[in-house]
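**Student:** In order, the protein sequence lines correspond to chains C and U.
Here the first sequence is numbered in this note's numbering, starting from 1 and rising by one per residue.
Here the second sequence is numbered in this note's numbering, starting from 1 and rising by one per residue.
Possibly wrong hints are sitting among the right ones.
Label pairs and their calculated CB-CB ranges [as the list claims (entries may be wrong)]:
id, chain 1, residue 1, chain 2, residue 2, range
1, C, C108, U, K14, 32 to 42 Å
2, C, E365, U, S145, 37 to 47 Å
3, C, T379, U, K48, 34 to 44 Å
4, C, E365, U, T144, 36 to 46 Å
5, C, S227, U, S145, 36 to 46 Å
6, C, T131, U, V62, 28 to 38 Å
Straight-line distance between alpha carbons at most 27 Å, and here's what the computed BS3-like set of lysine-lysine pairs gives [said to hold, decoys possible]:
id, chain 1, residue 1, chain 2, residue 2
7, C, K57, U, K48
8, C, K152, C, K57
9, C, K426, C, K152
10, C, K220, C, K233
11, U, K177, C, K378
12, C, K161, C, K149
Counterexamples of contact, computed for chain C against chain U with all Cβ distances above 10 Å [to be verified]:
id, residue
13, A22
14, I65
15, C108
No wet-lab data here; the hints were simulated from the structure.
Just so you know, even glycine gets a beta-carbon here, dropped at the ideal spot from N, CA and C.
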Amino acid sequence: MKAHWNIMVVDDEEVMRESLAAWLREDGYNVDTAISGKDAIEKSRMKDYAIYFIDLKMPGGVDGIETMMEIRRIQPESSIIIVTAYATVDTAITAMKEGAQEYIVKPCNPEEISLLVNRIIKIKNLQRENTILRKKLTRQYSFCDIISKNSKMMEIFNLVKEVASLRSTVLIQGESGTGKELIARAIHYSGERADKPFIGVSCAALTETLLETELFGHEKGSFTGASNQKKGKFETANGGTIFLDEIGDISGKLQLNLLRVLQEKNFYRVGGTQQIDVDVRVIAATNKNLSQAVREGIFRDDLFYRLNVINIQIPPLRDRREDIPLLIHNFIERLAPELGRDVGDISEGALKILLNYDWPGNVRELENAVERAIVTCKTHTLTEEDFAFFNKQEQQEWAVPANLTLDEIENRAIIDTLHHTHGNIKEAASRLGVDRSTLYDRIKKYNLPRN
Amino acid sequence: MNTIHLVALGQVDKEIMKSLEVGIWQIFGFELQLLPALPEPAYAYEAKRNQYSSVSILHELVKYRSNDSVRLLGVTEKDLCIPMLSFVFGHAQLQGSAAVISLARLRQEFYNLPPNQTILLNRAVKEAIHELGHTFGLLHCQDTSCAMSLSNAIHLVDSKTDELCRNCSIILEENIKNLKPLLKLEK
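Go ahead and model the full structure; you've got the sequences and the hints to work with.
**Tutor:** Structure representation (structure tokens):
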């Protein structure tokens, strides 16, 4: 993507400056111009440019070589192309010695300039990609990737550090998008198992039989289509950690299988007769209320107690709003270069909108909103305008058609609020300004499902 | 305000102007109208290079844009250049109102080959669409068969088509849509 690269054309002659700039803009680059060496140096302090085209001979004190030397000091990463009307060996040597990437004599063949610019940009793209990948790598394994100054989160961080080196099973509970997997990774990578595999499985994504073979593997010929023996995730995770996401969704049969692994530390592949021993730490997560599921008989109590040795409850984002600005800045810092955008800040107005929203999808939803805004943002700062999609979404969701009865409006308000609170009656009641029993009565009156 | 105007700068073969009309109409959908030819662009002549400044021509061309003209394309036989580049096939104001193309380097004769009218017409249509595309905000396209792909050598003009790729077509459609309310306002 070329639009992410800034190019600066420095020349005292307007026609030269503007025609080259226009030619580069047609190619999709962001091009700025400077009328003198001094102007260019000032502009280079404000913005990064991938390439500078600098005319060698400029009046007004600072010539091309001096301009280049100063810019190289301010932006050592940028590439400089010295442009001149006359080729002399001396100036070419001086220019190259002082760090010019190229030296071209105008007028130049358009094909040559295209090749030159493309070559420089190709290298810059690779360098950028390299930096991003390196950052990604360190981020993936670092505990600090979870960002918060909320006291409850701090307690969780301390707990994570304490339990990292134990083998005990951990149950992480929290709404979707709160970062359950990040906590699981933090536990794994802060402990002694860090150099062993961390294997994540989403239990809700697969059917019972598929999940069973996914977790425990299968023997050749154990069912139609099992043409080869396959190792399950438990075997792959041996020595390390298995992260079972959405554990609340697994069937009774699998609950039993899982209980066996937790108790005996061994299992059989599907269709297998050989007992396989494993040393795997289990971290499970769910956005459901497991103890309620146990009371309702949907989830085995013995499995629940096995899983719930260490319990971590992650608060939803709306209960730790102080983290919103921190998270936004972190997302901008990380996502802008990944998306190749020159965005570095957020306006107060935009921040206010984000602070006042309830984030039912939590940190993930916030991240998506910021990412979308960065993509459409045309300046260095995210403004209210960049989050316009966000207001629209909200308004659309809450718009009430004119031809409804009061009952119907009340019914809709309750459904929408419950939807936003993920079926949390207490939270919904407080938002609707009624007490829990009133809300409960209404839910019964309109015959609404709780979730 | 729904016409793309075509104007010859000096003498230009009528058959070429006719081909351009048809080719441009197929892509942009606006009415096409041929204006009476303007004199040769002597004002843009650069003696040192024996070429014509496309920047000066564009400056002059915009003066001839009438009220009902959405875009104006000049066509010249003169070899065009900008200070930095040894030549340009054409030049446009990005998202502006005027563009110009030169036939000089589109002719086989320029490369010491026998003249070929069909090749010339094909090349001219591609360049006209390319430069007008810029005036409608299109940038260079990575799809080498798209008329908006960059051609800075004649073999690259020949290897692309006189059509826009799907992406460029969508962007063009959007840009024209966004243009219309503005055009009405100007009226």
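**Student:** All hints are to be evaluated individually against the structure, with a verdict given for each.
**Tutor:** Structure-based check of each hint:
no., hint, in the structure
1, C:C108 - U:K14: 32 to 42 Å, "holds (36 Å)"
2, C:E365 - U:S145: 37 to 47 Å, "holds (41 Å)"
3, C:T379 - U:K48: 34 to 44 Å, "holds (42 Å)"
4, C:E365 - U:T144: 36 to 46 Å, "holds (40 Å)"
5, C:S227 - U:S145: 36 to 46 Å, "holds (43 Å)"
6, C:T131 - U:V62: 28 to 38 Å, "violated (44 Å)"
7, C:K57 - U:K48, "holds (19 Å)"
8, C:K152 - C:K57, "violated (63 Å)"
9, C:K426 - C:K152, "holds (20 Å)"
10, C:K220 - C:K233, "holds (17 Å)"
11, U:K177 - C:K378, "holds (21 Å)"
12, C:K161 - C:K149, "holds (16 Å)"
13, A22, "violated (6 Å)"
14, I65, "holds (19 Å)"
15, C108, "violated (6 Å)"
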